[in-house]
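2 protein chains.
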Amino acid sequence: MTTPSITPVILTGGSGTRLWPLSRSARPKQFLKLTGDATLLEQTIARVDGPGFNDPLLVGGEAQEDMLQLLAGGDASIILEPEARNTAPAIALAALVLPSETPMLVMPSDHVIADTRAFEAAVGKAAGLAADGWLVTFGIAPSGPETGYGYIQQGEALGESGFHAARFVEKPDRETAQGFLDDGGYHWNGGIFLFTAGRYLQALERHAPEILAAAQAAFDAGHCDGTVHRPDAATFAEAPAISIDYAVMEKDSRVAVVPVSMGWSDVGSWDALHEISAQDESGNALTGDILAIDTANSLIRSDGPKVTAIGVEDLVIVATRDAVLVLPRGGSQRVKEIVERLKDDPAGKDYL
Amino acid sequence: MTTPSITPVILTGGSGTRLWPLSRSARPKQFLKLTGDATLLEQTIARVDGPGFNDPLLVGGEAQEDMLQLLAGGDASIILEPEARNTAPAIALAALVLPSETPMLVMPSDHVIADTRAFEAAVGKAAGLAADGWLVTFGIAPSGPETGYGYIQQGEALGESGFHAARFVEKPDRETAQGFLDDGGYHWNGGIFLFTAGRYLQALERHAPEILAAAQAAFDAGHCDGTVHRPDAATFAEAPAISIDYAVMEKDSRVAVVPVSMGWSDVGSWDALHEISAQDESGNALTGDILAIDTANSLIRSDGPKVTAIGVEDLVIVATRDAVLVLPRGGSQRVKEIVERLKDDPAGKDYL
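Protein sequences, first through last, are from chains S and G. If you're matching positions, the first sequence starts at 30 in my numbering and goes up one per residue. If you're matching positions, the second sequence starts at 30 in my numbering and goes up one per residue.
In case anyone wonders, no lab produced these hints; they're calculated from the structure. You may find that some hints are simply not true.
Given that identical chains are not distinguished, each listed pair holds provided it fits within a single copy or across any two copies.
In silico lysine to aspartate or glutamate, DMTMM-like type, Cα no more than 25 Å apart, as pairs [unchecked claim]: (1) 200 to 175; (2) 378 to 104; (3) 200 to 149; (4) 200 to 323; (5) 372 to 318; (6) 62 to 104; (7) 62 to 351; (8) 280 to 161; (9) 378 to 185; (10) 365 to 309; (11) 378 to 95; (12) 200 to 161; (13) 365 to 202; (14) 365 to 323; (15) 378 to 323; (16) 372 to 309; (17) 372 to 323; (18) 378 to 239; (19) 378 to 332; (20) 372 to 279; (21) 280 to 212.
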């Protein structure tokens, strides 16, 4: 039996502000060139551009249509969500336009994967499990007791390919996370999945039928021009806005986890970007028009003005044409406090 | 005998970059609003706008003509130096256009004086000495063993008004400066002078006749349209480029120093500006569109983008439309290293 080619389903609807002032509501992280000359979305597409993969299917917001067309090139199909309803409904839309037996590799569009070979090997294992009817999630090897991710506990082994997923744990506290690492057999939930379209729809029918119904109705009342699908807004809005984890993965009995160590990062903060960036001999990651003298262990990035620093260390400095952020290294989670203050300020909204 | 009114002679030719990126070659410090709604030049003019003072006479560079006209209003006379030849020739130009008996109060245009009353009292004392033929310099009460200023040692008392200036000392090292403070009777040389026009010309004739000759020839070959004097470039260029201290004050036998404690600052660095600025309860001096959260003892200034900081302390952050500077508080002397690097870089010159 030949394995059918995999269709990459790339979720582009995210709208984070954790990389403010660079990421903005109109230009979220996936549309930024954070680690090189290509945007994270382009890198995600390139990662699955090869033998064994069909052309990708992008699922994103209506406001992003132009950007998706530009970055996806001519080969991708696009589904425009009338509004963001979290991942379970978005993936339902994708599953409904694919043949039932097609394996779907569902991926966020704003992650970095340094080790492409490890990724491909894991996809191969997951494809085998998906062909056997498993809903597969990829388990990222934890590098520390992070409290910002969900964890997956592995159960019995499924041959050489992976494990039965025994338990999903929402973001734990640090003590609990450290316990997971000490115990072993826990993985980060990186939001990457593989299953056949039919298997996902079947799981939806069983665990979240209202999502399936709303997605189907949205297609029935919507239309498709060429490669762009435009589901109907009013009917899609009736889908509960819940994640695939909550709607399906935590409930189904045949969920597998394929562990993978592939240099993964969700680039969820300026500190995370500093860690995965190329650094000079002083530990600086400098991007843009930067002049740094006697400066160490700092991330300095400009997409606008010339940024100069002298005699500083352990700083994050980010400048755009209209806004500058300065905070200590290790403190970049606090960007959200800045963003909250800007939201509360009528004049601040211009910067979001 | 009534004292003749004093003509303020304001030297506007300075071109410092110590407040880069705000101060630029085309817009040096005296044309910046550093401590309020008025530029330092406007503040300097306002300080001598009152009884006992004639309209001011501004001496500045040709490139500054438009800015001088704008800031000086209609009452000032202007002398445009064809090129910068330091203070002795600039003051010679001023002395040549004034009646011989007129007291000239010579002042830099980029200093801050917080205590105007103390300044006025010192000017009154100096005017009395100038009427008796003294070349008077104002001795700033030292607030520490600064190595960036020249020092004046006082000699015998001249009544209640001041002292004979016994010795001028160029910028000393720290140990020497500390010795001056321990000994007492030393003052900073703030570059503010008072003497009659005729007395200055007489001193030039004696100690630096080539300056007097070049200035006189520059007027003879130049022209004057209304209130703007335009000395001739070729002849003025023959004046040695030396300071009034070196050309005259250190050499003449009848030089007096009038001590004054008047909240003086030459605003010679971002740290100096931080010290004299109004600060919030956390020791921050914030100017422009700034959002600072959990930030202490920092100077943050923007003349362009919105600048945000969170969780930092003891930083200097300065942003303009095209350049950003970040350095630790106490380290602002190092701005010159940045400026040197920009000078050496063909693309960097755009920022100077």
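### Status of residue 323 relative to residue 200 across identical chains (alpha carbons, at most 25 Å)
For residue 200 and residue 323, neither the intra-copy (39 Å) nor the inter-copy (27 Å) Cα distance is at most 25 Å.
### Query
Is it within, between, both or neither when you check residue 62 against residue 351 at 25 Å Cα-Cα?
Both. Shortest intra-copy (18 Å) and inter-copy (21 Å) distances satisfy the 25 Å Cα cut-off.
### Message
I want to check one pair: residue 372 and residue 309. Are their C-alpha atoms no more than 25 Å apart within a copy, between two copies, both, or neither?
### Response
Between. Shortest inter-copy distance 24 Å satisfies the 25 Å Cα cut-off; intra-copy 36 Å does not.
#### Entry: Intra- versus inter-subunit Cα pairing at 25 Å for residue 378 with residue 95
For residue 378 and residue 95, the Cα distance is within 25 Å only inside one copy (23 Å; across copies 38 Å).
### Message
Within, between, both or neither: how does the pair residue 378, residue 239 come out at a Cα-Cα threshold of 25 Å?
### Response
neither (35 Å within a copy, 63 Å between copies)
### residue 200 and residue 161: within-copy, between-copy, both or neither at 25 Å Cα
Neither. Shortest intra-copy (30 Å) and inter-copy (84 Å) distances fail the 25 Å Cα cut-off.
### Query
When no copy is named, should residue 378 and residue 104 be tagged within, between, both, or neither for a Cα gap of at most 25 Å?
Neither: 36 Å inside a chain and 46 Å across chains, both beyond 25 Å.
#### Entry: Within, between, both or neither, where residue 365 and residue 202 count as close if Cα-Cα is 25 Å or less
within (19 Å within a copy, 48 Å between copies)
### Query
Taking 25 Å as the upper bound on the Cα-Cα distance, should residue 200 and residue 149 be classified as within, between, both, or neither?
neither (27 Å within a copy, 68 Å between copies)
### Message
Treating 25 Å as the Cα threshold, decide for residue 378 and residue 332: within, between, both or neither.
### Response
For residue 378 and residue 332, the Cα distance is within 25 Å both inside one copy (20 Å) and across copies (19 Å).
### Task
Since the copies are identical, ignore which copy is meant and state whether residue 365 and residue 323 lie within 25 Å (CA to CA) inside a copy, between copies, both or neither.
Classified as between; 14 Å across copies, 29 Å inside a copy.
### Message
Please sort residue 378 with residue 185 into within, between, both or neither, judging by C-alpha distance up to 25 Å.
### Response
neither (50 Å within a copy, 66 Å between copies)
The structure is inconsistent with the numbered hints 2, 3, 4, 9, 12, 18, 20, although it conforms to all the rest.
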